[in-house]
Amino acid sequence: MNIIVCIKQVADTETRIRLTPDKKTIDTSDINWILNPYDEFAVEEALRIKEKGQGNDIITVITIGPERTTAALRSALAMGADEAIRIDVEDNLDSLATANLLVDVLKNFEFDLLLFGKQAVDDDNAQVGTLVAEKLDLPCVTVITELKLDQGKVTVKRELEVGAEFISTSLPAVLTAEKGLNEPRYPALRGIMMAKKKSVDLREGKADESKIVVTGYQYPPERKGGKIVGKGQEAVPELIRLLREEAKVF
Amino acid sequence: MSNPVMIITEQRHDVFRNVTFEIASCGRSLADQLGVDLISLSIGKEIERLASELGEYGVNRSYVIDHELTEHYHPDIFTDVISRAVTTLEPQIILFPATGLGKDLGPRLAGRLNIGLATDCVKLEIREGKLVVARPMYAGKVIGEHQFRAIPQMASLRPNIFPVNRLHAGAKTNVEVIDLPIDESVRKSIVTEFISALSSKVDLTEAKIIVAGGRGMKGPENYKMLEELADLLGGAVGASRAVVDADWRPHSEQVGQTGKTVSPDLYIACGISGAIQHLAGMSGSKCIVAINKDPDAPIFEKADYGIVGDVMEVVPALTAELRQRLSK
Ligand SMILES: Cc1cc2nc3c(=O)[nH]c(=O)nc-3n(C[C@H](O)[C@H](O)[C@H](O)COP(=O)(O)OP(=O)(O)OC[C@H]3O[C@@H](n4cnc5c(N)ncnc54)[C@H](O)[C@@H]3O)c2cc1C
Ligand SMILES: Nc1ncnc2c1ncn2[C@@H]1O[C@H](COP(=O)(O)O)[C@@H](O)[C@H]1O
Numbered sequence: 001m002n003i004i005v006c007i008k009q010v011a012d013t014e015t016r017i018r019l020t021p022d023k024k025t026i027d028t029s030d031i032n033w034i035l036n037p038y039d040e041f042a043v044e045e046a047l048r049i050k051e052k053g054q055g056n057d058i059i060t061v062i063t064i065g066p067e068r069t070t071a072a073l074r075s076a077l078a079m080g081a082d083e084a085i086r087i088d089v090e091d092n093l094d095s096l097a098t099a100n101l102l103v104d105v106l107k108n109f110e111f112d113l114l115l116f117g118k119q120a121v122d123d124d125n126a127q128v129g130t131l132v133a134e135k136l137d138l139p140c141v142t143v144i145t146e147l148k149l150d151q152g153k154v155t156v157k158r159e160l161e162v163g164a165e166f167i168s169t170s171l172p173a174v175l176t177a178e179k180g181l182n183e184p185r186y187p188a189l190r191g192i193m194m195a196k197k198k199s200v201d202l203r204e205g206k207a208d209e210s211k212i213v214v215t216g217y218q219y220p221p222e223r224k225g226g227k228i229v230g231k232g233q234e235a236v237p238e239l240i241r242l243l244r245e246e247a248k249v250f
Numbered sequence: 001m002s003n004p005v006m007i008i009t010e011q012r013h014d015v016f017r018n019v020t021f022e023i024a025s026c027g028r029s030l031a032d033q034l035g036v037d038l039i040s041l042s043i044g045k046e047i048e049r050l051a052s053e054l055g056e057y058g059v060n061r062s063y064v065i066d067h068e069l070t071e072h073y074h075p076d077i078f079t080d081v082i083s084r085a086v087t088t089l090e091p092q093i094i095l096f097p098a099t100g101l102g103k104d105l106g107p108r109l110a111g112r113l114n115i116g117l118a119t120d121c122v123k124l125e126i127r128e129g130k131l132v133v134a135r136p137m138y139a140g141k142v143i144g145e146h147q148f149r150a151i152p153q154m155a156s157l158r159p160n161i162f163p164v165n166r167l168h169a170g171a172k173t174n175v176e177v178i179d180l181p182i183d184e185s186v187r188k189s190i191v192t193e194f195i196s197a198l199s200s201k202v203d204l205t206e207a208k209i210i211v212a213g214g215r216g217m218k219g220p221e222n223y224k225m226l227e228e229l230a231d232l233l234g235g236a237v238g239a240s241r242a243v244v245d246a247d248w249r250p251h252s253e254q255v256g257q258t259g260k261t262v263s264p265d266l267y268i269a270c271g272i273s274g275a276i277q278h279l280a281g282m283s284g285s286k287c288i289v290a291i292n293k294d295p296d297a298p299i300f301e302k303a304d305y306g307i308v309g310d311v312m313e314v315v316p317a318l319t320a321e322l323r324q325r326l327s328k
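Residue numbers (the numbering used here), protein chains in the order written: chain A, 1 to 250; chain B, 1 to 328.
The hints are simulated quantities; they were obtained by calculation from the structure and are not laboratory data.
Please note: incorrect hints may appear among the correct ones.
[What the hints assert, rightly or not] Straight-line alpha carbon distances no greater than 30 Å define the calculated DSS-like cross-link-like pairs of lysine-lysine that follow:
no.	chain 1	residue 1	chain 2	residue 2
1	A	Lys148	B	Lys260
2	A	Lys24	B	Lys286
3	B	Lys208	A	Lys227
4	A	Lys231	B	Lys218
5	B	Lys218	B	Lys293
6	A	Lys231	B	Lys208
7	B	Lys208	B	Lys123
Note that this is a predicted model, so its numbers are computed, not measured.
Could you build all of it, start to finish, from the sequences and the hints given here?
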């Protein structure tokens with residue numbers, strides 16, 4: 001089986017995000033870069049499928065990004081992915097341009113499963129996987145928390161606001177990973193050493209013009225906060241008074 | 001350009017979800033700025049009467065797709081019919097809610113129609129005839145301003161952010177049924193099983209009041225306390241990741257970067273430390289109350305009101321006091 005996982009390098013969720021003085025861009029000088037957590041679930045799931053397989057499965061990870069994003073590919077290789085492709089692009093692309101660029105590469109691939117994270121935790125768009133599926137006219141299930149393969153079909157679980165559903169579809173299929181799908185492994189030292197030796201297939205990408213551009217950023221309004229009403233249950237009446245009269249929530 | 005602004009509505013159990021009125025109100029304001037009509041598209045079964053009520057919120061014309069096959073959401077069916085309706089109605093802006101359904105549907109429409117989509121927006125305006133939106137990024141650590149460069153333009157709106165303007169009480173719109181043939185074979189997947197959620201009568205993302213618990217609740221059995229308070233206030237129960245990971249609560253209740261983003265009127269955090277990833281999901285709440293025994297817990301820096309104390313003591317006292325006052 002051929003499994004492809006599209007991955008993105010993002011800022012560590014612990015990183016404080018700072019803006020450049022003109023607030024036109026994010027100041028990336030102090031950012032600790034990691035593999036997008038949701039993509040980690042997708043890579044892990046691919047590895048588990050491979051481990052259960054006949055030994056002839058191949059996992060390919062693909063990223064679009066500048067030189068620094070090779071590190072995300074190496075993280076996935078260290079976890080156990082077999083091949084890595086980087087499409088070299090400097091600019092920030094919108095979701096549609098990103099998806100189209102991935103489609104350009106994927107068109108020439110034979111694969112059974114195409115996995116994504118549900119969302120990249122930098123732009124928080126939650127679009128690219130579904131867009132790619134649409135462009136390739138493939139079945140797509142989003143935010144999956146379970147995956148089972150059975151005789152050329154895949155059945156997945158999705159959590160909804162009102163419950164959960166199991167969905168079955170033929171292969172090839174596109175799936176986007178939600179937290180809960182699995183617990184990603186830490187790469188073993190051996191994996192990390194091997195990943196260093198593997199080569200990354202570098203390709204030139206020609207992106208479409210973005211239909212949406214980010215023109216600037218702001219910090220969210222500071223919450224004032226910090227008013228301690230009191231200690232223990234004695235503070236309850238005063239809290240209720242404040243909620244009523246000051247915050248007017250009741 | 002006279003192309004209308006269009007909203008895609010969402011209903012559940014034969015009533016519109018409140019977020020539908022929020023997007024209608026936002027859509028009305030954009031349509032006014034552009035000097036065009038606001039139209040609505042509702043997909044479901046037997047929803048004509050319901051759709052006519054959108055006149056109250058300034059919708060000029062309502063369109064419905066009403067079919068056996070559209071009674072429940074199926075992504076491929078919905079994508080197929082909505083994209084065909086969009087091609088006919090030619091809106092310049094399409095708005096829909098960033099609910100579970102909207103999040104799944106939006107990118108499908110964007111891909112099918114090759115339209116730019118901005119997800120989970122918290123502010124929309126028209127500048128030089130085009131849509132400019134603000135949306136939280138990096139888990140809410142910054143807000144990015146996005147400008148559209150091409151029309152049509154599509155945006156999903158975060159629930160509980162946009163005010164509802166009921167402009168014309170009792171007004172009814174004309175409803176036009178769009179009679180599209182639907183081909184079952186567009187379905188690329190089938191639902192084999194559905195498990196209905198036991199807990200939470202109110203959706204977390206739409207709840208006006210959320211009572212959330214963290215590791216400080218000590219064990220799953222103590223969430224009864226929070227459920228009781230939430231029920232009393234007509235709210236929903238939320239959880240931190242720590243307790244979801246410990247299997248005390250389902251993932252559907254998790255608030256935060258890897259859970260839900262919520263913006264209720266009141267968020268009561270019980271035994272939650274206030275880790276940055278948790279704050280990412282709830283710092284948009286209008287009023288935050290924190291109950292924590294550690295006076296240095298970071299949650300107090302974000303909370304409007306804090307009580308330093310043991311949740312086991314403070315929460316029942318709060319419930320009792322509120323029950324007494326509400327019954328008066
Ligand atoms: C990539 C990533 C994504 C994440 N996503 C999320 C997310 O979506 N949501 C999320 O919540 N977290 C998320 N986390 C985890 C987050 O970093 C914290 O670990 C988590 O929020 C802590 O949960 P907690 O506040 O319940 O537990 P703790 O941090 O252990 O805090 C418990 C609090 O309870 C208080 N307490 C204890 N006993 C009592 C008592 N009797 N009465 C009153 N107070 C008491 C303590 O003082 C303490 O402040 C994420 C982490 C990572 C790395
Ligand atoms: N630059 C990229 N290169 C490869 N995959 C990407 C890229 N951006 C997004 N993705 C994939 O698409 C998912 C959703 O991203 P997004 O729509 O940006 O939130 C991510 O979790 C990745 O799996």
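Worksheet item: Do the alpha carbons of A/Lys24 and B/Lys286 lie within 30 Å of each other, as the hint requires?
Response: holds, 28 Å
Worksheet item: Within a Cα-Cα threshold of 30 Å, do B/Lys208 and B/Lys123 meet the stated pairing?
Response: At roughly 19 Å apart (the allowed maximum being 30 Å), B/Lys123 and B/Lys208 satisfy the hint.
Worksheet entry | Given pair status - B/Lys293, B/Lys218, alpha carbons within 30 Å | Cα-Cα ~13 Å, so holds.
Worksheet item: Regarding the pair A/Lys148 and B/Lys260, is the alpha-carbon distance no greater than 30 Å?
Response: Holds: A/Lys148 and B/Lys260 sit about 25 Å apart, inside 30 Å.
Practice prompt. Mind checking the alpha carbons of A/Lys231 and B/Lys218 for me, to see if they're no more than 30 Å apart?
Written response: Given pair A/Lys231, B/Lys218 holds - Cα atoms ~20 Å apart, limit 30 Å.
Fill in: Agreement of A/Lys231 and B/Lys208 with the hint, judged by alpha carbon distance not exceeding 30 Å
It holds: about 26 Å lies between the C-alpha atoms, which stays within 30 Å.
Discussion item. For a C-alpha distance cap of 30 Å, please report whether B/Lys208 and A/Lys227 respect it.
Written reply: holds, 22 Å
The earlier numbered hints are all upheld by this structure, with none contradicted.
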